[in-house]
Amino acid sequence: MLSRLVMRFTAIAFLLLMLVVPLALVGYLAFEDGAGPVWDAATSPAALSALRLTLIIAVIAVPLNAVFGIIAALLLTRPRLPGRTLLSVVIDLPLALSPVVVGLALVLVWSRNGWFGQWAIDQGVQVIFATPGMVMATIVVSLPFVVRELVPVLKELGTEQQQAAATLGASPPQIFWRIVLPAIRHGLAYGVVLTTARALGEYGAVAVVSGKIAGRTETLTLHVEERFQAFDLVAAYTASIMLAILAVITVAVMRLLNRGEH
Amino acid sequence: MSILATGVTKNFGAYTALDDVSIEIPGGSLTALLGPSGSGKSTLLRVIAGLETPDVGRVEIDGTDVTGVRPQDRGVGFVFQHYAAFKHMTVRGNVGFGLSVRRRPRAKIRERVDELLALVQLEGLGDRYPSQLSGGQRQRMALARALAVEPSVLLLDEPFGALDARVRAELRRWLRRLHEQVHVTTVLVTHDQEEAMEVADRIAVMDHARLQQVGTPKELYEEPTNPFVMGFVGAVNRLGESFVRPHDLELRQVPNGVTHAARVERVTHLGFEVRVELEQESGGALMAQLTRNEAEELGISEGDTVHVAPRRERVFAGGDGI
Numbered sequence: 059m060l061s062r063l064v065m066r067f068t069a070i071a072f073l074l075l076m077l078v079v080p081l082a083l084v085g086y087l088a089f090e091d092g093a094g095p096v097w098d099a100a101t102s103p104a105a106l107s108a109l110r111l112t113l114i115i116a117v118i119a120v121p122l123n124a125v126f127g128i129i130a131a132l133l134l135t136r137p138r139l140p141g142r143t144l145l146s147v148v149i150d151l152p153l154a155l156s157p158v159v160v161g162l163a164l165v166l167v168w169s170r171n172g173w174f175g176q177w178a179i180d181q182g183v184q185v186i187f188a189t190p191g192m193v194m195a196t197i198v199v200s201l202p203f204v205v206r207e208l209v210p211v212l213k214e215l216g217t218e219q220q221q222a223a224a225t226l227g228a229s230p231p232q233i234f235w236r237i238v239l240p241a242i243r244h245g246l247a248y249g250v251v252l253t254t255a256r257a258l259g260e261y262g263a264v265a266v267v268s269g270k271i272a273g274r275t276e277t278l279t280l281h282v283e284e285r286f287q288a289f290d291l292v293a294a295y296t297a298s299i300m301l302a303i304l305a306v307i308t309v310a311v312m313r314l315l316n317r318g319e320h
Numbered sequence: 503m504s505i506l507a508t509g510v511t512k513n514f515g516a517y518t519a520l521d522d523v524s525i526e527i528p529g530g531s532l533t534a535l536l537g538p539s540g541s542g543k544s545t546l547l548r549v550i551a552g553l554e555t556p557d558v559g560r561v562e563i564d565g566t567d568v569t570g571v572r573p574q575d576r577g578v579g580f581v582f583q584h585y586a587a588f589k590h591m592t593v594r595g596n597v598g599f600g601l602s603v604r605r606r607p608r609a610k611i612r613e614r615v616d617e618l619l620a621l622v623q624l625e626g627l628g629d630r631y632p633s634q635l636s637g638g639q640r641q642r643m644a645l646a647r648a649l650a651v652e653p654s655v656l657l658l659d660e661p662f663g664a665l666d667a668r669v670r671a672e673l674r675r676w677l678r679r680l681h682e683q684v685h686v687t688t689v690l691v692t693h694d695q696e697e698a699m700e701v702a703d704r705i706a707v708m709d710h711a712r713l714q715q716v717g718t719p720k721e722l723y724e725e726p727t728n729p730f731v732m733g734f735v736g737a738v739n740r741l742g743e744s745f746v747r748p749h750d751l752e753l754r755q756v757p758n759g760v761t762h763a764a765r766v767e768r769v770t771h772l773g774f775e776v777r778v779e780l781e782q783e784s785g786g787a788l789m790a791q792l793t794r795n796e797a798e799e800l801g802i803s804e805g806d807t808v809h810v811a812p813r814r815e816r817v818f819a820g821g822d823g824i
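Those sequence lines, one after another, are chains B and G.
Going by this note's numbering, the first residue of the first sequence is number 59, and it counts up by one from there.
Going by this note's numbering, the first residue of the second sequence is number 503, and it counts up by one from there.
Keep in mind the hints are simulated off the structure, nothing from the lab.
Model, not experiment: these values are computed from the prediction.
Heads up, the beta-carbon is just placed ideally off N, CA and C, and yes, glycines get one too.
The reader is advised that the hints may include incorrect statements.
[Claimed, not checked] Chain B side only, calculated, beta carbon under 8 Å to chain G, not exhaustive:
id : residue
1  : Ala224
2  : Thr225
3  : Gly227
4  : Pro231
5  : Gln232
6  : Ile237
7  : Pro240
Generate the whole structure from the sequences, applying the supplied hints.
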């Protein structure tokens, strides 16, 4: 009984100290001079552009990673797949690799002197110091989350329901949409939340490929850092609050989608 | 519709699950594939369903070669030991699934599902989810689901294996009646010889990836072609070179020249039947089944010496292996 109280107290104290207090302080400091400066900071062209870019990147990166994650997880749970270990290791790599390295690698491949860089420019697409590169960086760093959520769910699901559906005449796409997807949707939703959170919050990899051009290639996280360095603390805190709101919305939407379950 | 498998071999890596198995299953019959676990019976069923592809051999359903045909297009109904219920769908959704993927009109599906729910005695439970059903109800739902698409053959893989003994006995009788109503060619995989004997009109005994014998329950019991089949479809004693059923052992107080002497180890009264465990003087345990009257007339008790002779026995050429 006592030990449970101690555990509970420790958990709450830890959360307060490490997360709640610092976040609350950010909010408090932002509003120190009232709501006016916060509103101005939030509606400044640089902040709005950063918000827009952050959302664009998330809206492209998250669905792509969700689709890739489902395919990769299906492959990884197939009983006889050659090269499965290798695939699994490669997918886990972004978890262990520093995001800065990811960004650097992308620069090496896609910059003007890189392998594909000149080719991309010939097609009229600038990758590095532009949105495509930032999307790529975000995709790479948030790649493992959906896969890692789905693999255990798919293992648990097994193959019998799919086989039963096949004997009942369902085609492979019908089996996927009507049997597999409904069965894995909780895991998928959670994976998407993690992916979104990572996509919204990514700093290192995006910083390297973006060139950090204010109002052009600045995401909200980059904007926070840039304003902070410029001693514009209210703007930095305001952008932080915007990020926090996006995070809360992400979690809330997923909670909502997952309601009404058995 | 008849099923014909010819020379089917299936390996999983170094493990041989089916070794040159050929079997014909007549249309309209209820055939049991009986064998211990690892004998290949489930693999054979899955090969018939198209869930496994044989390495060698062919499968015909109703005279058509289906060896390369996907399970979707074979017209089979398959029932799994652990139900394979679609957990996120209601009972109606499950039963109607096969019709729904065939894009039948909703009203038609509803009508057919109602019909099937009545057939498997699940009326009124259509809106429940599988998790709200008992094991026996889930398996009946799975049967209704398999029957919904009017399969030409119905394949049941240890369908009662996960259920408790009472429900199992009930479902067996129910399956037998269902088969008399629906008459679809049915293959039932089981490791339980009593289940096979009770439900099936034909039994195929398998062991070590090979088909051992096919016949009616009576044929298998009375004319087994090898010691394995004899031992698997009923209890058996080894008496010298011959194999004897426990109820075919005669116990006498006095020797008559052909009897073997044995000591009574234990007498168990099971109502009508009395079971006597014996130890032969030449070594080897025996089990005899007597009726209560026989036992009373004989008047034996534990520790006595009796003399044993077979009334009926079987000797197999090169016979060994129980």
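Going down the list of hints, with the structure as the test:
1. Ala224: 5 Å, holds
2. Thr225: 4 Å, holds
3. Gly227: 5 Å, holds
4. Pro231: 10 Å, violated
5. Gln232: 5 Å, holds
6. Ile237: 6 Å, holds
7. Pro240: 4 Å, holds
The earlier numbered hint that this structure contradicts is number 4, and it is the only one.
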